[in-house]
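Novice: Protein chains in written order, with my numbering: chain A, 1 to 469; chain B, 1001 to 1711; chain C, 2001 to 2114.
Just to be clear, a hint being listed does not mean it is correct.
Some chain A residues near chain C, calculated using beta-carbon distances under 10 Å [what the hints assert, rightly or not]:
{"#": "1", "residue": "147"}
{"#": "2", "residue": "149"}
{"#": "3", "residue": "154"}
{"#": "4", "residue": "159"}
{"#": "5", "residue": "179"}
{"#": "6", "residue": "182"}
{"#": "7", "residue": "254"}
{"#": "8", "residue": "257"}
{"#": "9", "residue": "283"}
Distance ranges between label pairs, derived from CB positions [what the hints assert, rightly or not]:
{"#": "10", "chain 1": "B", "residue 1": "1347", "chain 2": "A", "residue 2": "230", "range": "51 to 61 Å"}
{"#": "11", "chain 1": "B", "residue 1": "1421", "chain 2": "A", "residue 2": "336", "range": "27 to 37 Å"}
{"#": "12", "chain 1": "B", "residue 1": "1126", "chain 2": "A", "residue 2": "393", "range": "54 to 64 Å"}
{"#": "13", "chain 1": "B", "residue 1": "1041", "chain 2": "C", "residue 2": "2049", "range": "36 to 46 Å"}
{"#": "14", "chain 1": "B", "residue 1": "1347", "chain 2": "A", "residue 2": "354", "range": "52 to 62 Å"}
{"#": "15", "chain 1": "C", "residue 1": "2017", "chain 2": "B", "residue 2": "1054", "range": "42 to 52 Å"}
{"#": "16", "chain 1": "B", "residue 1": "1670", "chain 2": "A", "residue 2": "359", "range": "55 to 65 Å"}
{"#": "17", "chain 1": "A", "residue 1": "253", "chain 2": "B", "residue 2": "1580", "range": "36 to 46 Å"}
Everything labelled a hint here was simulated from the structure, so no lab data went into it.
Don't be surprised by glycine CBs; every beta carbon is placed ideally from N, CA and C.
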Amino acid sequence: MKSIQTTTFDVMVIGGGIAGLQTALDIACQDYSVAVVEKGASIGGKMIRLSKVFPTLDCASCITTPKMAAAAHNDNITLFTCCDVKSIKRERTLSTQNISNSISPQNNNTQRNRFVLKAVVTQRARYVDADKCIGCRKCEYECPVLVSDVEQGGFSARKAISIPFSNAIPQIAVLDADNCMLCGKCEKICPTHAINYFQESYDFVIQANSIVLATGYEMTSLSDKPQYGMGKIPNVIDALQMERLLAPHGPYNRVLRPSDGKEPDSIAYIQCAGSRDRSMGVPYCSRFCCMYAIKQAMLLSGSLPLAEIRIYYMDIRAFGKGYEQFYQNAKAMGIEFVKAKVARVDAGEDGSVTLQYEDQNGYGMVTMNHDLVVASMGVISAWSPKGICNVSQGLDNFIHTINSKLSPTLTDMEGVFVAGAAAGPKDIVDTITEAGSAAIEVSKYLRYLYGKERGLKPVSTISSLKAVA
Amino acid sequence: MKDKKEDQKHKENQEYREDKKVGVYICYCGGNISDHVDVERVREYVENLPEVAVARTNMFMCSDPGQQLIMDDLKNGTVERVVVASCAPSLHETTFRSAISRAGINPYIYEHANIREQVSWVHHGDQATEKAIKLISMASAKAEQLSPLEPIRVNAKKHATVIGGGVAGLRAAKDMADCGIEVALIEKSQFLGGNLAPLDKIAPTGESAKELLSTLALQVLCHPSITIYAGSVVDSFEGYVGNFTLGVKQVEPLPSKAADSDITAEADISDIQKTNETDKYKKGDYIPFSGVFAVDDADFSNRSDSQNLSVSSNWKSHVIETGVIVIATGFKSYTPNIGEYGYKKIKEVITLPELIKSMADSLNSGRLSSQDSFTMQKGSACSGKVRGLEKFLEIDGRKIRSMAMIHCVGSRQTPGIHQENDSGQLNEYCSRTCCTATLNAANIIRERYPSTRIYDFFRDIRTYGRGQEEIYEKASHNQVIFFRFEADEPPEIIESRESQSGKNFESNSQLNNFPICVKAKDVLTFGEEIEAPVDLVVLATGIEPNDVSDLVQKMKLPVGADRFLLEVHPKLRPVELPVSGIFLAGTCQAPMDIGESCNAAGAAAVKAAAMLAKGYVELDPFVAQINLELCNGCGACVESCLSDGALRIVDIKADGELIKRAEVTPPLCLGCGACVGVCSENAIDIAGWTLRQYEAMVDRIVAENILAVIN
Amino acid sequence: MVEENIQQHKKTDELSKNLDKKADAMKALRKSCKNRIDRVAEIVREQKRALKAIRAQLANSPSTIPEIAASTDMPTDIVLWYVAAMKKYGQIAEKEKDDGYYRYSLQGESHVID
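This is chain A alone, in the form it adopts within the complex (with noise of 0.2 Å):
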């Protein structure tokens, strides 16, 4: 069909989440042009998925919706979304004259030495022309099929068309071809005939001479744990779950126990229920699990004042700015912290759950029953570059870094950094940090790519790049 489009950026970003966005700020600042491409149909990442956030107890939405929006509105950045990286490879630039202005004559080696990483992109139908869509949402109250919203932890429904979330950016409508009946109900009530069932995937090329892998994490699975149940038993759900139940925009608007809709009394969190566990393949720590446990517990113990709530730990991991304080205010609150493995969950009488543990003050194994079950989850590596690019992962499938020390963003591919997640776990304050410090890694690379005369802009201007996005 048509010839592959590329488009040429100083600097590609994978993934939009608060290391992406917060790397592409920083960037964008020193007057590169920046793509950010990310796979899900909004940016934000898992942060705008969260309901608050320690130390501050700021709302989540708070810290991340400017940031978004700030991306959104940078002439330097420009987002891609429904977008998955095929490929990334460092090539010989063909054209030179882009940059001729910039490398002084006696440089001509440099030039025809010179490389780019050239990224193919699969932009996913979205089946909506992105172009035309105005985010009034009267596709999605139109569409009569209710799908399981996994924004909201599976509790409620969207529909097969839908905005992905109210604040999400951008606000454009995303069609979900699985669940479509092709009714037409959708296109006809579109005030503007942005819906297309005929859109298909394509392929297209991002030129950029820099790229921050910024991919982040997911969570294991519970269905892998057969100790606690294998996700089958009422009421145990996991952390990102309790999240939604706590946001503002929840499935619910308030916290309940998804068997059956009863308030909870007593709320259990089970730590360390993926990591620092060599069964599931996770032996290392998740590292930020003990802080939101906590700050969900006092989330918990405000909304429910009644509730117990009890945190089963191993070690409690409070080690960052105002932590250890904020975990001595939880227990100050009432909140039981009880040192203990938890060996088994099972599903207990009228929807209870029930946990056998260890006791530490030699009673031996202890059952207890809990309405609802919380299991802080391991947290794996969202992206491989297996298959797609030549960077290396470490042993926890992370990003290896090459210089964890003094340059702890570099990657032993040439040109490409990593921020946040994607180079282990890591909350969300260290993750803002490591993101300013790839973008200054970034800046330097391109510095000394560029030339080291000052005010070097070679590779594309903002009005060129414009044109062609």
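Take the given structure of chain A and dock chains B and C to it, following the hints.
Specialist: Chains B and C alone, transformed into the frame defined by chain A:
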């Protein structure tokens, strides 16, 4: 004169009386506000205010759709002035101003009402709704009076100053210099490297501190854009973002850090020796436990140019004109109180930094050739005996058969349990790095000297980072024996002649030979009382910020309850201080490991580079303005001014006569309004906060109808 | 003027041709996705039945999740899922709490799901 005033007033009246259409935008903040404030009722009320053209609500006004509401209303002329009622302005005032700019409107026609921190988080029910209505009504009354302003643009020197030559300072200096910024690096000692220098093998990678430091410090020393002021401190500070002036003064050379950490009498002698030794060092030399020597020979002026090394050490004061400042003043290791776990009372009790140094010393002294002992033990199990040979750690010539390591010394201190320091403070925070450092040392000892037993007393093991849990696992594998204690029942250090009872881990005959017994209640074995006889106790001391009270005072920097410097916001502006143009890097902010410090330094560098990129900085225009027609040049305002140089009396020519009038230097003005209060002629106003605007707010708040409507 | 008319006529002609073409293409698309369409259609039928039953119960009286489940003969977790969805699209409102369970009632049909 009187007529003039009246005229003036009349003119102003006319200017302001044009009815401005105000738009009020009220945020639910996803329940943060709407759970306590009846947002729809607030909206209905303010909609009826005379100046309000529209009042709208949104779940998150700061989200894109929320901002779009405001922009659309501005663009199509529905509103001319904007009030957003949401969280604290420190979070999102700039967000909304930039939205207004994007709509092509002057961003200063904006007023913010804080109905979250000041209302919904502290009041409930009708009271909350009432107060929200009041605050918004006031803001709306003020907004009607707002006029467009232009930001103050000041030129910014493309020069940065880094205070502190530890790993964070070095990284920040190099990053900024690599981005084309001239950098001055001020370090109070004569060495670069800070707290990295006294380290040995660094967890979890086992890299050598020496190599890391040498690499980085030499890059900095040789960088053509970096000037190093070693052995110097900041003496004076003035100016504002883009145009700071720092006085830098050389100080007496500090003793090298190797001696610094020893507090014994013998060490004092070595202090002097070391200080004298500095004469022998050449710049760039790596001095174990001190760092990289950064001072040239006395006749440096002859040498430095030829070697392209730019170090100033001529015992004089310097003046640095700089655009931004990065503070990287780092930490010091906690020094236990005398008698804390027997420290300084029992000679076998030392700190972890002291252990690391002693181990390196004993390796270097040749008593045990490090190469030999290491290769011999490598691969062998930690049985304690290798082909009949016993390998024991030796400290100060003493064979260490078994040792105890105690965590959280000087960290995670609890009121009522731990002793406050001299200034009455407790270190309630976790020092983040000590668990891994302690276990790393334990592993090194168990692997080099398998006959030395290690008992580890901990509260929680916090090996959180990448590759750190493996160190913990390895310690278990290396047969380090762990005991967990609670904060209120810490281990007791007993000189062992006194202790006889309880379970112990050596036979009684041996017990008598050990100088110390560590007694603890082990939570891991259901509170069992245990006694561990040891030759050595190592205290895993925490991190305390270096004392920078001098800088704090000079630069007006905020300090947290934990005594570390306090950033503006941990997620929104994590490396920035409220004083524009001053940034934070590394452990002056919070405990961090080396990688984290470097990340923080990089983050600070990228913000600094962005600030200096344009050659100018824009500041908010909320500064004093003098009405020259009303001013009588009395000078009362100058006396009241809190910011040196912001106000002065100058001679100006009017109608051929020289008259005295007040003049403002806008970038220095804090906008505090102290001058407004003392001016007898009402000749001063703060732009964006004029007396007229205050009057409008006061009129609104005393208007009776507010409460009438609610009740 | 005449020319313009002709132009206009041509345009509408093309448009209708295009529409015909599109209708054909749509038919072809539906044919090629028949399995999926049948599967989803079955799910939607079931959803409509469930929603109708829940609405019928709520029209009777505001009810808790277990009460709705009992009257509609559906599992409680499924009922809660529907109720959450109906709440999201403004069909039902939460009422007072009764022994640990909230009651739900029908409200104005702002964004109908059926």
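Novice: For each hint, tell me whether it holds in the structure or not.
Specialist: So, going through the hints one by one against the coordinates:
Checking residue 147 of chain A against chain C: minimum C-beta separation of about 9 Å stays under 10 Å; hint holds. Annotation: residue 149 of chain A was flagged as interfacial toward chain C, and the flag holds, the nearest CB pair being 8 Å apart, inside 10 Å. For residue 154 of chain A, the shortest C-beta to C-beta distance to chain C is roughly 8 Å, which falls under 10 Å, so the interface hint holds. Taking 10 Å as the C-beta contact cut-off toward chain C, the hint placing residue 159 of chain A at the interface holds, the least distance being around 8 Å.
The beta carbon of residue 179 of chain A is positioned within 10 Å of a beta carbon in chain C (closest approach about 6 Å), and the interface hint is therefore held. A hinted interface residue such as residue 182 of chain A counts as satisfied when its beta carbon comes closer than 10 Å to some beta carbon of chain C; here the least separation is about 5 Å, so the hint holds. Taking 10 Å as the C-beta contact cut-off toward chain C, the hint placing residue 254 of chain A at the interface holds, the least distance being around 8 Å. Hint status for residue 257 of chain A: holds, given a least beta-carbon distance of 9 Å to chain C, under 10 Å.
With a least beta-carbon distance of about 34 Å to chain C, the hint placing residue 283 of chain A at the interface is violated under the 10 Å criterion. The hint said 51 to 61 Å for the Cβ distance between residue 1347 of chain B and residue 230 of chain A, and at roughly 58 Å that hint holds. Against the hinted window of 27 to 37 Å, the Cβ-Cβ separation of residue 1421 of chain B and residue 336 of chain A comes to about 32 Å, which satisfies the hint. Between residue 1126 of chain B and residue 393 of chain A the Cβ separation comes to about 58 Å, which falls inside the hinted range of 54 to 64 Å.
Taking 36 to 46 Å as the suggested C-beta distance range, the pair residue 1041 of chain B and residue 2049 of chain C conforms, at roughly 40 Å. Distance hint for residue 1347 of chain B and residue 354 of chain A: a CB-CB separation of about 54 Å, consistent with the stated range 52 to 62 Å. The hinted window of 42 to 52 Å between residue 2017 of chain C and residue 1054 of chain B holds, with their beta carbons roughly 46 Å apart. A hinted range of 55 to 65 Å holds for the C-beta pair residue 1670 of chain B and residue 359 of chain A, which are about 59 Å apart.
Between residue 253 of chain A and residue 1580 of chain B the C-beta distance comes to about 41 Å, which sits within the given range of 36 to 46 Å.
In summary, the one numbered hint that this structure violates is 9.
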